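K.L.:
One letter stands for each residue in the lines below.
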Amino acid sequence: MNDSDDIVKEFLVESYENLDRLDRDLITLEKNPNDREVLGSIFRTIHTIKGTSGFLAFDKLGAVAHVGESLLGRLRDGELVLNPGITTALLATVDAVRQMLASIEATGIEGERDDSALITRLTRLQQPVEVPAEAPIEARVEASAAAQSKSEAAAVPESAPEPAASPSTIGDILMRCAGATPAEILRAAETQKEGDPRHIGEILVEQGAVRPADVVEALRVQQAARGQSAIDSTIRLDVALLDQLMNLVGELVLARNQILQCANRTEESGLLATSQKLNLITTELQEGVMKTRMQPIGNIWNKLPRTVRDLALSCGKQVRVEMEGKETELDKTLIEAIKDPLTHLVRNSVDHGIERPEVRQAAGKNPEGRLSLRAFHEGGQVNIEIADDGAGLDQERIRNKAVQKGLVSAEQASRLTDREIVNLVLLPGFSTAETVTNVSGRGVGMDVVKTHIEKIGGTVDLQSTPGQGVMVRMKIPLTLAIIPALIVTSAGERYAVPQVSLRELVRMEGGAERQGIEMIHSAPVYRLRGRLLPLVYLNRELEGNAKARDAASADANQVANQVANQAANQAVNIVVLEADGRHFGLVVDEINDTQEIVVKPLSQHLKNISVYAGATIMGDGKVALILDVLGLAQCGGVRAEVHAHFTGEAAEATAEGACGKQKLVLFTGPGEARMAVPLHLLARLENISGARVERAGKQWVTQYRGQILPLIRVSHALEERRQRPPSDDVLALPTSEMLQVLVLENGGQTSGQQCFGLVVNQILDIVESTLEPQSPSTRAGVLHSSVIAGRVTELLDVGALLRNGESERSEVGGERSEVRPERRDVSLEPLRFEPSGLEP
Amino acid sequence: MTSARQFCTFYLNRLLFGVESQKIQEVVTYRELRPVPLAPPVVSGLMNLRGQVVVVLELRRQLELPERPLDMTPVCLVVRAVGGTVCLLADEVGNVVEVEDGTFEPSPETLSPRLRSVILGVHKLEGQLMHVLDSERACEIQALSQGQASGA
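Those sequence lines, one after another, are chains A and B.
By our numbering, the letter at position 688 of the first sequence is numbered 677, and the numbering carries on one by one without gaps.
By our numbering, the letter at position 147 of the second sequence is numbered 140, and the numbering carries on one by one without gaps.
Hints in this document: simulated from the structure, not taken from any laboratory.
Heads up, a few of these hints could be off.
Below, computed lysine-lysine pairings styled on DSS-like, alpha-carbon distance capped at 30 Å [unchecked claim]:
no. : chain 1 : residue 1 : chain 2 : residue 2
1   : A       : -2        : B       : 16
2   : A       : 390       : A       : 444
3   : A       : 596       : B       : 117
4   : B       : 117       : A       : 611
Small disclaimer: the values here were computed from a predicted structure and weren't measured.
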């Protein structure tokens, strides 16, 4: 019983693979009907299915495969010529077989079905258009030639003349595919034993039991079977086994790390050498095991030509599929996850993208449309591009539709760039197809694709050129098993937050948080650049029902007090997250660092706790939980307008593109004046304790990351020019108070000082604004004044401050950099600062 | 149902319990667990078992026994359950015993129905009774968390 189950399982797995190949082969054959190689391969596949189903007593399956095979036999023998009708019928056969296999897999039986229509259709197609006159002599020659080659290639029939002894004997194959009876074959074998020097095939042909062509085919089957077993270098493996291997390798890495630590403490050279070797081997092993889970993307692409063909036929279009980068490898789970979105996109392109042949011709294009699939690795991600050369998206229609559906306001829509307009179709509830066809445009459109891809940590982007087509680009991580994550601490335990949903980090110390965190009744919010960000306290969420919420009605005051207490005691770390288009701030005790973590599933016991996405094992061997950002948002009751952010940001982005907006850091300078510097000059924002500030001559300095960081006081630098020499109290070291410092990176300078710190009164915010001077400078060190965020703000001339600082330093004979910005109007370009060093 | 069967035994609150030995993958020493907030009380935490993250259940809570004294270090029985590997915390491991079916007696009705579903019955050994645990039920949370919720 078990044995036969195994056989059925094996049969299913093998047949599925074969069927996938069939789809592909049939399409190839249609393009090149005379390719006998492909035809033979198709015939063999169907034949194998028929043979095995007969053996396993799946009669209906056998019947369908049989007529399909007969039809293919005619094609192979040249009695029929392939036409689209036959291809369609054969594809229908493949589908029928696939359905039956699925049914067998699910229920163990073929299921109630009536394939008589298909069988009749296939039988009717077998009627040859003209009766071919078969030349018996020619066939005979062919047969003997084949027999000749058989004698060279195979010794099996001679050594094992019993027909049914091995499935690869020629007699067996003939029996299965050419309808030779066992008796006939036995008789032929007997004749051979009695001293007939000819081969079984020849004897059978002579006896009239089989046709010569069948013998030729049988020989080919036999050879293929032998060749396969010889070159068969792959095995099937359970993915669970691979996962287990992965786990063990992970542990091995930990053990190795410990051994390396021990080894480094000893003097014994033997141990040192061995541990180094262990180190190398472990690393290689780890890479090797990771590779086993990878599969080429071609595995799912191969199904697409069939989809495209069917679809193109039903829409009356002509489409050619081009593929590039089939061998690009992805994790198996990801391959599965992108299958449906990919099919959807391809269907979309054929159904809506590519025009009908006559329209294409009128537009001066090749009547045959092109659909190209491209995959390649880039920056640790896999890029998949699906491009068609169709009409492109109708931007006006998208714009109107978006307004009509209330996704954006008319005013916003008018400001969107072309690219943003195109990407509006990714919003939920958007479908441009005016008529709903049965292929795509069923309302579940691009937004579903986007959701699916984002679920696995990928992104989707659309580019459309009117008249030239649409390109959809998906970026997918290489693997789901390892993800970058931010490690945070809450209530003394570590948690991992997937980097995908991370937007930014906000940290507030001292008195700032009292202004920052406000209450809407009982809900804490934070003003992030003018927008209210709902806050979720991780500690409180994880206390769960037990305390905070179970206390019947945790009244507003209590919560407010709690928030206030917490805020007063320590710094507040807000991790700004995005889940399903909603932003919220997660308040955690501590932000540790970012790490690549290996995701492990949680046991069933904990699956229903929506807050967790899984678990991981940290470098020290301890377990940490991975937070599910979406679950956390739901748990915390975060509700926000889904589209507000997208449209808001899109509008901002447009404005930025239009009039050169720039991100600026706002702070207060001397006399509470609001000042700003461009964000891209900034390396970090730091709080430096006054106690850490030292003096070098007339300059304040501090030790910062192994460097001496000169500190320039904005107040000092700006006022200095009026009242020189500076009085002593200006030079006095600060007390223990905290100084807010903007660390500006002098990236373009080759020698000398890399960074310098700008001591400001208070850092206010980061805003986006134009840099258009609205009033000229009133004092030195200031480029001009503008209205930023509703207040008059002075834009600091960092170059001038730097020169000022330089002169100060050169007075005390300190180091000085050679290169200085020369011009007064340095809108900071000459400095060539890089924004890359900015940490969130 | 005639042959002798092997049981892995262990103690909980001085009572002797047994689980069919094939169900026990291994017994490991107690190590620091990773608590799981929001999980039912019976979940003690998560453990790293050679790279596999395994959920650890407190058998004492599962069987409604008094809490283990703080100074007592439990042992971890790694059980192969249908839903995956689960680790159960017990006080101390005992011997592997072989029992005949003849010494078995089902749990009395005086035991609560929930406990009766976990404790199948006892084998009357010399000098003491060995409680036979249904390893699958012992590794389940669902029924239990409900029972505790209604009890609380």
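K.L.:
Go through the numbered hints given earlier and state which of them the structure violates, listing their numbers in rising order.
P.N.:
3 and 4
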